[in-house]
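K.L.:
Sequence:
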Amino acid sequence: MSYKDLIYAVEEGIATITLNRPERMNALTPDMEAELHQAFDEADADRVVRVIILTGGGAAFSSGYSQDASKARKVSLDPTGKSIAEYIESWQRHDGEGIAKWTHMWRLGKPIIAAVNGWAMGGGFWYQLAADITIASDRAVFAQPEVRHISNSSYLFTALCGWKAANRWTLTGDHFDAEEAYRIGMVNQVVPHERLMEEARALARRIALVPEPAVRLNKAIAMLGMQAAGVHSGLLLEGALSSLAHASHNEYREQLLRVQRGEGTKAYLKLRDAPFQPEPMGPRSAKARQAKADKSGKGS
Numbered sequence: 050m051s052y053k054d055l056i057y058a059v060e061e062g063i064a065t066i067t068l069n070r071p072e073r074m075n076a077l078t079p080d081m082e083a084e085l086h087q088a089f090d091e092a093d094a095d096r097v098v099r100v101i102i103l104t105g106g107g108a109a110f111s112s113g114y115s116q117d118a119s120k121a122r123k124v125s126l127d128p129t130g131k132s133i134a135e136y137i138e139s140w141q142r143h144d145g146e147g148i149a150k151w152t153h154m155w156r157l158g159k160p161i162i163a164a165v166n167g168w169a170m171g172g173g174f175w176y177q178l179a180a181d182i183t184i185a186s187d188r189a190v191f192a193q194p195e196v197r198h199i200s201n202s203s204y205l206f207t208a209l210c211g212w213k214a215a216n217r218w219t220l221t222g223d224h225f226d227a228e229e230a231y232r233i234g235m236v237n238q239v240v241p242h243e244r245l246m247e248e249a250r251a252l253a254r255r256i257a258l259v260p261e262p263a264v265r266l267n268k269a270i271a272m273l274g275m276q277a278a279g280v281h282s283g284l285l286l287e288g289a290l291s292s293l294a295h296a297s298h299n300e301y302r303e304q305l306l307r308v309q310r311g312e313g314t315k316a317y318l319k320l321r322d323a324p325f326q327p328e329p330m331g332p333r334s335a336k337a338r339q340a341k342a343d344k345s346g347k348g349s
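When you read off a place in the sequence shown, starting at 1, and then add 49, the result is the number in the numbering used here.
Calculated directly from the structure, the hints in this document are not laboratory data.
Heads up, a few of these hints could be off.
[Stated by the list, open to error] Under the rule of at most 30 Å between Cα atoms (straight-line distance), these lysine-lysine pairs were calculated in the DSBU-like manner:
(1) LYS268 x LYS150
(2) LYS344 x LYS319
(3) LYS213 x LYS336
(4) LYS150 x LYS53
(5) LYS131 x LYS315
(6) LYS213 x LYS150
(7) LYS315 x LYS150
(8) LYS336 x LYS315
(9) LYS319 x LYS213
(10) LYS150 x LYS131
(11) LYS344 x LYS315
[What the hints assert, rightly or not] Ranges of calculated distance between the beta carbons of each label pair, as one might list FRET restraints:
(12) ASP343 x ARG265: 47 to 57 Å
(13) GLY311 x SER132: 22 to 32 Å
(14) ASN237 x ILE270: 12 to 22 Å
As the structure is a prediction and not an experimental result, all values here were calculated from the model.
Glycine included, every Cβ here is placed at the ideal spot set by N, Cα and C.
Working from the sequences, and respecting the hints, build out all of it.
P.N.:
What follows is the structure in structure tokens.
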């Protein structure tokens with residue numbers, strides 16, 4: 050198959066899927082997300098492919114769901130032109146569909162290694178959570194900043210890292226770095242940025258040495274067993290509560306949307322995120338800014 054927003058390549062029995070909207074930090078659109086799941090199915094059906102690597106082109110793994118009005122997700126935060134019932138219904142249907150994306154990944158017979166090369170925010174954050182294995186570049190930054198405009202987190206974070214770690218980051222939308230992601234058990238490994246794909250491919254080759262039935266069935270034991278043990282029930286509840294979060298439109302969100310309509314997405318994000326600056330970790334943290342200032346001072 051040919052893809053518009055992805056690069057799909059197979060080499061040494063490894064299918065590499067690269068999110069390819071680098072000029073938009075690989076922000077997810079409905080078309081791009083549909084292509085991604087088609088690519089998962091293509092890799093799963095190919096007898097040559099043994100392992101899938103998912104990564105991003107450019108500086109981001111994925112910055113999350115597109116805020117561009119022309120390419121945005123199927124449902125808009127903006128309730129303008131909808132009745133209350135229509136607005137709630139649209140979110141209830143949409144958020145109920147989200148569970149199928151993760152379970153689709155878990156049903157594949159081929160393991161997915163997420164190679165997180167940079168920013169992993171919002172929906173991008175969720176995709177690396179749902180991957181079977183995650184390797185992070187030391188430049189990776191993780192966050193769910195969408196909670197700052199009234200949105201949902203994912204129970205996957207709690208299931209994987211525990212409620213204390215999940216609450217610390219999901220209740221603020223704060224950025225955290227690759228070392229923190231490793232400390233809380235969200236990623237398997239942190240590697241130097243320039244070695245990310247080399248390390249991901251090395252692990253993929255090791256998995257490919259194991260007989261295919263063992264890989265397929267042992268992935269099923271882990272991923273289907275996890276769902277049977279209760280994670281799937283948690284995700285069902287997540288779908289219902291997520292629709293409540295998304296439909297909880299209030300005066301603050303309306304103010305954000307007014308700015309977005311009149312001044313654009315950049316102004317909207319500035320208004321949303323300015324009270325949280327500097328971030329505790331990552332390139333927008335006080336530590337990073339001080340290091341940059343110190344470096345600039347030395348050069349003068």
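K.L.:
All hints, please: hold or fail.
P.N.:
Status of each hint after checking the structure:
no.	hint	verdict
1	LYS268 x LYS150	holds (17 Å)
2	LYS344 x LYS319	holds (26 Å)
3	LYS213 x LYS336	holds (24 Å)
4	LYS150 x LYS53	holds (20 Å)
5	LYS131 x LYS315	holds (25 Å)
6	LYS213 x LYS150	holds (26 Å)
7	LYS315 x LYS150	holds (29 Å)
8	LYS336 x LYS315	holds (24 Å)
9	LYS319 x LYS213	holds (28 Å)
10	LYS150 x LYS131	holds (27 Å)
11	LYS344 x LYS315	holds (28 Å)
12	ASP343 x ARG265: 47 to 57 Å	holds (52 Å)
13	GLY311 x SER132: 22 to 32 Å	holds (24 Å)
14	ASN237 x ILE270: 12 to 22 Å	holds (18 Å)
When each numbered hint is compared with the structure, no violation occurs for any of them.
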